[in-house]
Structure formats: C-alpha cells, structure tokens
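Participant: Protein chains in written order, with this note's numbering: chain R, 121 to 587; chain G, 121 to 587.
Check before you lean on any hint, since a few could be wrong.
One copy or two, it doesn't matter: identical chains are merged, so the pair holds either way.
[To be verified] Listed below are the simulated SDA-like cross-link pairs for lysine to any residue, each with C-alpha atoms no more than 20 angstroms apart in a straight line:
1) K130 <-> E431
2) K130 <-> V477
3) K414 <-> A345
4) K468 <-> R185
5) K407 <-> Q418
Note that these hints are calculated values from the structure, not bench results.
Number of protein chains: 2
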Amino acid sequence: MSSVQSQLVKALSDEQVFQSGEVMDARRHDYWVVSHLRDFQDRLGGNPLVVVQPHTAEDVQKVLRIANETGTPVTPFGLGSGVCGGVVANAETIMLDMSAMNRLIEIDEVNLLATFEAGYNGLEAEEAAQAKGLTIGHFPQSIAVSSVGGWIATRASGQFSTAWGNIEDIVYSIEAVLPNGDVVTLGKAPRASAGPDLRQLFLGSEGTLGVITEVTFSLRRKSEAQAFSAFHCASMTQGFEAQREIVQAGWLPPVMRQYDFSEVQRNFPDEVKPDHGMLILVHEGPKAVVEAEKQAVQKIALARGLEQAPEAAVAKWMDHRNTVPSWDSFFKMNVVVDTVEVSAPWSKIDAVYDSVVAALGEVPGVVNASGHSSHVYRSGINLYFTFGALLEDPKDLEPTYFECWKRVIEATAAAGGGIAHHHGIGRVRRDYLDLELGATGVALLRTVKDALDPNGIMNPGVLLPAS
Amino acid sequence: MSSVQSQLVKALSDEQVFQSGEVMDARRHDYWVVSHLRDFQDRLGGNPLVVVQPHTAEDVQKVLRIANETGTPVTPFGLGSGVCGGVVANAETIMLDMSAMNRLIEIDEVNLLATFEAGYNGLEAEEAAQAKGLTIGHFPQSIAVSSVGGWIATRASGQFSTAWGNIEDIVYSIEAVLPNGDVVTLGKAPRASAGPDLRQLFLGSEGTLGVITEVTFSLRRKSEAQAFSAFHCASMTQGFEAQREIVQAGWLPPVMRQYDFSEVQRNFPDEVKPDHGMLILVHEGPKAVVEAEKQAVQKIALARGLEQAPEAAVAKWMDHRNTVPSWDSFFKMNVVVDTVEVSAPWSKIDAVYDSVVAALGEVPGVVNASGHSSHVYRSGINLYFTFGALLEDPKDLEPTYFECWKRVIEATAAAGGGIAHHHGIGRVRRDYLDLELGATGVALLRTVKDALDPNGIMNPGVLLPAS
Numbered sequence: 121m122s123s124v125q126s127q128l129v130k131a132l133s134d135e136q137v138f139q140s141g142e143v144m145d146a147r148r149h150d151y152w153v154v155s156h157l158r159d160f161q162d163r164l165g166g167n168p169l170v171v172v173q174p175h176t177a178e179d180v181q182k183v184l185r186i187a188n189e190t191g192t193p194v195t196p197f198g199l200g201s202g203v204c205g206g207v208v209a210n211a212e213t214i215m216l217d218m219s220a221m222n223r224l225i226e227i228d229e230v231n232l233l234a235t236f237e238a239g240y241n242g243l244e245a246e247e248a249a250q251a252k253g254l255t256i257g258h259f260p261q262s263i264a265v266s267s268v269g270g271w272i273a274t275r276a277s278g279q280f281s282t283a284w285g286n287i288e289d290i291v292y293s294i295e296a297v298l299p300n301g302d303v304v305t306l307g308k309a310p311r312a313s314a315g316p317d318l319r320q321l322f323l324g325s326e327g328t329l330g331v332i333t334e335v336t337f338s339l340r341r342k343s344e345a346q347a348f349s350a351f352h353c354a355s356m357t358q359g360f361e362a363q364r365e366i367v368q369a370g371w372l373p374p375v376m377r378q379y380d381f382s383e384v385q386r387n388f389p390d391e392v393k394p395d396h397g398m399l400i401l402v403h404e405g406p407k408a409v410v411e412a413e414k415q416a417v418q419k420i421a422l423a424r425g426l427e428q429a430p431e432a433a434v435a436k437w438m439d440h441r442n443t444v445p446s447w448d449s450f451f452k453m454n455v456v457v458d459t460v461e462v463s464a465p466w467s468k469i470d471a472v473y474d475s476v477v478a479a480l481g482e483v484p485g486v487v488n489a490s491g492h493s494s495h496v497y498r499s500g501i502n503l504y505f506t507f508g509a510l511l512e513d514p515k516d517l518e519p520t521y522f523e524c525w526k527r528v529i530e531a532t533a534a535a536g537g538g539i540a541h542h543h544g545i546g547r548v549r550r551d552y553l554d555l556e557l558g559a560t561g562v563a564l565l566r567t568v569k570d571a572l573d574p575n576g577i578m579n580p581g582v583l584l585p586a587s
Numbered sequence: 121m122s123s124v125q126s127q128l129v130k131a132l133s134d135e136q137v138f139q140s141g142e143v144m145d146a147r148r149h150d151y152w153v154v155s156h157l158r159d160f161q162d163r164l165g166g167n168p169l170v171v172v173q174p175h176t177a178e179d180v181q182k183v184l185r186i187a188n189e190t191g192t193p194v195t196p197f198g199l200g201s202g203v204c205g206g207v208v209a210n211a212e213t214i215m216l217d218m219s220a221m222n223r224l225i226e227i228d229e230v231n232l233l234a235t236f237e238a239g240y241n242g243l244e245a246e247e248a249a250q251a252k253g254l255t256i257g258h259f260p261q262s263i264a265v266s267s268v269g270g271w272i273a274t275r276a277s278g279q280f281s282t283a284w285g286n287i288e289d290i291v292y293s294i295e296a297v298l299p300n301g302d303v304v305t306l307g308k309a310p311r312a313s314a315g316p317d318l319r320q321l322f323l324g325s326e327g328t329l330g331v332i333t334e335v336t337f338s339l340r341r342k343s344e345a346q347a348f349s350a351f352h353c354a355s356m357t358q359g360f361e362a363q364r365e366i367v368q369a370g371w372l373p374p375v376m377r378q379y380d381f382s383e384v385q386r387n388f389p390d391e392v393k394p395d396h397g398m399l400i401l402v403h404e405g406p407k408a409v410v411e412a413e414k415q416a417v418q419k420i421a422l423a424r425g426l427e428q429a430p431e432a433a434v435a436k437w438m439d440h441r442n443t444v445p446s447w448d449s450f451f452k453m454n455v456v457v458d459t460v461e462v463s464a465p466w467s468k469i470d471a472v473y474d475s476v477v478a479a480l481g482e483v484p485g486v487v488n489a490s491g492h493s494s495h496v497y498r499s500g501i502n503l504y505f506t507f508g509a510l511l512e513d514p515k516d517l518e519p520t521y522f523e524c525w526k527r528v529i530e531a532t533a534a535a536g537g538g539i540a541h542h543h544g545i546g547r548v549r550r551d552y553l554d555l556e557l558g559a560t561g562v563a564l565l566r567t568v569k570d571a572l573d574p575n576g577i578m579n580p581g582v583l584l585p586a587s
C-alpha cells in the first residue's frame, strides 16, 4: 500500500478506499468513446492509484489536503456519463468517487428549492421533485446515469432548455471544496450584485477548480398543459428561419428540434417525407399560453412553407429520447460513432451546418455525417452533429475519430460558431479551446486555475490545453 | 506634471489627459450619497491625480501598463451613476473616464445583437435598439445617466427584469482589458460549455478585475402588447403571497412592484387606501399571452383578498419612474436619505421586511423607514428600502447614514436574506461582504483578484474588505 493510500485509509476509513475490485473497475473512465474504444481494444492504461468515496465535504477536504501534501492528482468522478474524456484514470490518480454522497437534503415547497449532495442521481432528483408536483426542468439525455454535481461541473443542458434554461439558469447555490481545502457555499439569495457570481467558477469547471459537494436547484411547478407540433422542412435553412421567427417573436416552446433528412430517416422512419427534414416542438405552460403558442407556431411555420407533420413523431421522440446504443456494438462492426455539439448565431448556422457536413464527408471511412438542432436562443441555435466511420482496420478507428472531431471543430470555428454547446471540453476539445476563448481568454482561465490550484492537483489534462 | 501624467500624455495625447478643469471636477466621485454629502460639507478629498479618456482598447492597455509600471491605482469611471461608492478619487488615482468610448458599433437585426463601446449612454443604447423595433429590455432607474459598461461592472437590474432578465441574462459578449494589458473577448456563441463562463468575472467586478471596453447585448423584439394591473394589499405578507403564486404558476409579468403603505402615500397619493400597500404590474408579450396573464393574475390576487386598484397608478409609475431628487435638496434640510436593496427567499422576506423597518426605526433621527419590492424570482423576491434621517447637527448626517446601512444589512443577513440585490458592493457594503459570501467566499474572490491584478492597481478600496 502506497503512502497516499495509507494516509487516505487513516483519514477516512477502510470502507471508503478501494484499491481493486468492482468499484475500481467501474471508475477507470467515463463514457468517452475513446476510453471505451481503448478498453475494447485492450489498450487502456491501468487502474487509478486508488478510488476514494467521500461521505461528506469534510472527507473531501481531507482527501484534497493529502493530495496537496503529496502532489497527487485528484479526478472527481460523478456517475461517469461524461462524453469528452473529463475522467481518465492513470496510475497516479486519486479517483474521487462522489457516488456515495447521494443524500437528498431538502425539498423546500415554499421557495421551490431542492438540495442534493453532488453524487445524487439526476433522474432520482427529478423524480423527487415531481413527487411534490415540481420539476427541476433539466432533462439531459444522460439523466438516468448522471449526477447533479456532474450537471454543474459540465455546464450541462437539458432537452427542455429553450424555455426552462440550461443548468446555469436552474442552479440556486453550490457548495464546493476548493483545492486548498476551504469549503465555500455560494448563492444565498434569489439574486445578488455582490461581486462576480462565484458559482460560475464551478459551472463548467470539469473538476479542475475544486470539488462540488452539494447543489441547490430553483424548481418550477409542473406545467398545467403540454402540446406537440411537428412540421416537415424542405431545407435546413427553411426550418432555421421558422425557428428564428418563433423565438424572436417571444414564444418559448421548451423543446424545438430540427433534424436533417438523414436523421429523420434514422429517427422517424414512419414519418419520412422524401428529402425533407423535420421540426418537432413541445409546448408547455399555462393552458392558455400553450394554446396560443401552438397556434402562433403553426401560423409562422406554414407561412414559411413548412408542412404539417404527424404529431405522433413528437410522442415517439418523447418515448425514446434517452435511448443510447452502446459504443461496443459499433466497435464490433469496425465502426466508430460520436456526436459533437456546437452553436452559432442565426446568420452563421447554415454555413456551420454545410461546412461541417462537407468536412466530415472528406474523412476516409465516414459513412454518416448528419445533424439536428435542439437548443434555441434569440441570438442563435445549437447544432448536434453525428458522425460514423466504417474502417477496414480497427487500428484506424481512433485516428479517424480524432480526425472527425478536428474537422467538425475547425469547420465550425471557421464558419463563426462556438465549438462547445453543452458537453464540455474534457480532453477531446482542450487543444481547440483558443478557438472559443482566444489565446488571452485561455491565459485568463489558466491564471484563475493556477491561483486556485497552485499545485495542479485537480484533474490535470482536462479543460486547459497543455501549456 | 508628475511622471505618470507625462507618461500618459506621451502614450495617448494631450487632449485625452486632464489635470484640472471641468472634466476633472465632474469625475471626482460617482452618485454615492456620502461623496455628495462630503462635497456639500466641503470635506471631500482632493482631485484625482489625473483624468484620462481612452478612445480605444489600445489606449486602455497603454494606461494599465503605465499604472502597473508605476504602481498607480486606476479607477474606471463610466457615467458616474453608481450609488455605493465604487468611484472615489484620491490624489494618487488615475481616473479612467470611459465616456469618450461611446460609439455604437453594430445593431445586428438578424441575430438581435447590439454592440456598443463601454461608455455608451444607456438610454441612447435603448433608443438605438428601439429605432429598429427592438429593445435591450434593461431599464435601470439610472438609464439616462449610466453607461452600458457600468451596467456590466455593477451587475445591474432593470425595472422590467422579472420577465426580461437582469443584465447577466441580457449580455452576449464582453470585451475587456485585463490588468496585465491583455484584451479578452468573451462570448462567441449563443451559449457555451467551454469551461467556466469567464464573462461572469466582469459582471459585478466594479472595476477591480479589469476594464470593460465593449459590450454586446442579446436584444428582443418589442412586445406586441402591454397591459397594466393594480391591487391594494392589506399587508405586505398578503401581497408577497400573491406574487409568489403568480410567478410560481409560470406567469412572468416584466414588472411586479409592491409598495408598503408609507410608500403608497408618497408615490401614489391619489390612489391611497388607508393602511394598505399596493401591487402594480406591467404585462408584456404576445397579445394572447398578455390577456391570459392579466386574467390569471387578477384571479389569483382577488382569491387572496387583494382588492382591485386603479390602473392609473401604473401609468403614473411608468411616467415618473426615473425621477430622482438631488441629494443636496435633502442635505439643505439636514436630512440624509438613501436606498438599500436586498433579497431573500419567499419564506424569509416577511422577516427581512419587519426586522429592517424595526432596526431602522431605532436609529436616532430616522423619520422614514419604508420599502417596496421590484424584482421577482420563483425562489424569492427583492426588497428596496428607503431610509431618511433628520438631524439637528449636520455633523451627525454621515455617522447616521452609516448606522442606517449597518442596521439594514445586519438585520437582512440575520433574517436570512442576501445583502445586495442590484446596486453592488462598492465601499458602502465591502465590510459586510462575508455576510453574503462567507469568509471562504471572500478569500476565494481575493485569490482571483490577486491573481489577475497582482500589483493591486485596479480600483483599490472597492468590493473587497480591507485585508
């Protein structure tokens, strides 16, 4: 047993420190395709030095102090659903497994606040709110396999974000342990002008600035009414223009998703209209608003030449929206697939779509390059690309994967888009961070990181490019 | 001419550097009562060392480099409407007057974005948007005398915030010059998960972390419809409960303001109902939503025992909402007045109101202690207190002023509220910052400040408590 391991056992307890076995096997990496591929190909690096399960913020403090004293890297592990390589073990890493910090602390039905420990399961959190007639309103595809702390750490978005906000709009307060061991509780009131909003340091921090230990969300009452709409679009541009008019007119359907023809064929085989994309919407709110919104949306869409599509498409999406195939099922066919989400102002989104699809098409082996939009703003919209490559030699899967990412990111940036909408940076995007922040922005983030974590113990290799 | 002054003249130009005269006289302090009182009583400290008017971000870079090399403090001055003492000159200070950086750079009618240099006047910015059928949607009482950069630096709120958001919800991107001279441009896309949102460092930075040079806002189209509602409330609690039900049901009137009886007498003398407060609302949005919202609000209010009041009260507020009396007019009567804005979760707001009004009433000389709410959230609401004290000896005005502030802040914090809703910290609140952030939160902010501004040149004395 190494010195670090024995110090951890002494500071916490035997039951909280794992050096082998099932817990360690399940905490070597997150859901990043590349880790799964390396595992599938028996090329994955070894286990972490040790897996530690804190039960309290005090436990986290103890771990971070030991890490600082011994210069040992610490990687926080929520529930492992990240897809950008934010969690990859190596033999020096303390894997800080937050899954045992999973208490519901309070649901406050007067102020509509719900407080959970950071390792609390997302779906269980939403169910706890719904049991009181409330909702967090945050529905990432990963909801059943992600933690509330992970939502914060990755600056996540949910499927209903267009009306109910991204995670930064839903969070009320955050408790975190800083690399120096200090516990901060940020967010005391509905709103403050008391210096910069320090909660924002942790939203998107990806384990690099501290450890999120507790989260309070500002809930909503469940909506009085819900309705669906669906339209065929003759082109991506036609659909984008309709979406722009809808949201800029002041309507806020929680869900507006626009699929290109390739994705309609894959996701809505029963509703395909040849060569057409599809726009689906979910309306929610007070009954009178839902009715007015559905009418207004229909008027805008039809005036722009979209054609009514069966609402059954929306119901089908609602039922299957969280289904994800296993990466391994593709690897077995010598196929690697992944998704890349970006965003852009309206005036640039057509160019982003066209140039990314074209850039992916140039990569040898690529058999699918498609996209849909899923999060809408007055100023623009996201795009969520899917690529798939079929290779003859399994050795080509990983280099092809990285080449596809490179093409998507560079084409997006060249067309004026932002390179990361809601999955984060992790390892897969870190060398492109200057395309989002500029060189001076990256330097600013590094200055903050170095000030908070002078020994560089927190999740090294993630978020910031190699210096 | 000092060495600093001559370096500035050399780096910029003669016309941009002021060592006396009208420009210098008008840049000694902002709108903080205490500065005005000291001025009125001929006790104000001297002029700044120099006033500099940059024309470009490059000018700002040059000034900050000279300040760093010479260890000279720099205080950014927007248009001087701050009320917390964020701008106070002393004989060592370079006053960085942003008022000459006042170009409209672009109004983008496709993406609904408007970009201004930081010194652009707020009202002129809104008028530029409105000329295109658009709105920034940010209406602080100071709109005619504040700058768009100042809105960011103070984390401002406008009167229509309940629906259209506070400034952090409206800003799209920020250009700023860091203390080290780097220019950062933060905010490339409608939304990003690319590390912590670094724009947030400047929202509420109060000149302590750099100089905001350019701002882009995400605009809205002007609303299709507008309507008013007004109700008498038998008690603050009755009104708060109605507001809570309205906003938690999913309605978002841009304006919901609830005045206590004392403020109704002062602001709505024609609509007074004895011993009653008043709740006024402005509804905006698509016509169908405005109608549904007005009906729903009326139903909720009447069911809770509120009584319909004349809508003329709302029209009157709309007309007079930005009228502010001069501080001097009070000083001449040996009276000092000020406002203090705080916020709290719903369950604590009654206690905040009661304990603050009681605490103010105990201060010798206080003749007015009243409040209204003006910004509403699902989780709670703000309170905007006004105090007035009539003293026999003018020497007592300043100590009484600080005693009133102390009472309001301490009573708010003791009742579980947040100490600063939208005016910022400045000098008047800085020694109370730990009541909002905790000691570890203050230390975190100081760590960030020291990392970005190691020589401590940026607006010393503001935001952070003396260490």
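Participant: Confirm or reject each hint.
Facilitator: Evaluation of the provided hints:
Taking identical chains as interchangeable, the C-alpha atoms of K130 and E431 are never at most 20 angstroms apart, the minima being 60 angstroms within one chain and 69 angstroms between chains. Proximity of K130 to V477 under the C-alpha cut-off of 20 angstroms is found in neither arrangement, the shortest distances being 54 angstroms within a copy and 53 angstroms between copies. Taking CA atoms no more than 20 angstroms apart as the test, K414 paired with A345 passes in both settings, with 12 angstroms inside one copy and 18 angstroms between copies. With identical chains, the CA atoms of K468 and R185 are never at most 20 angstroms apart, being 47 angstroms at best within one copy and 37 angstroms at best between copies.
For the homomeric pair K407 and Q418, the shortest alpha-carbon distances inside one copy (17 angstroms) and between copies (16 angstroms) are both at most 20 angstroms.
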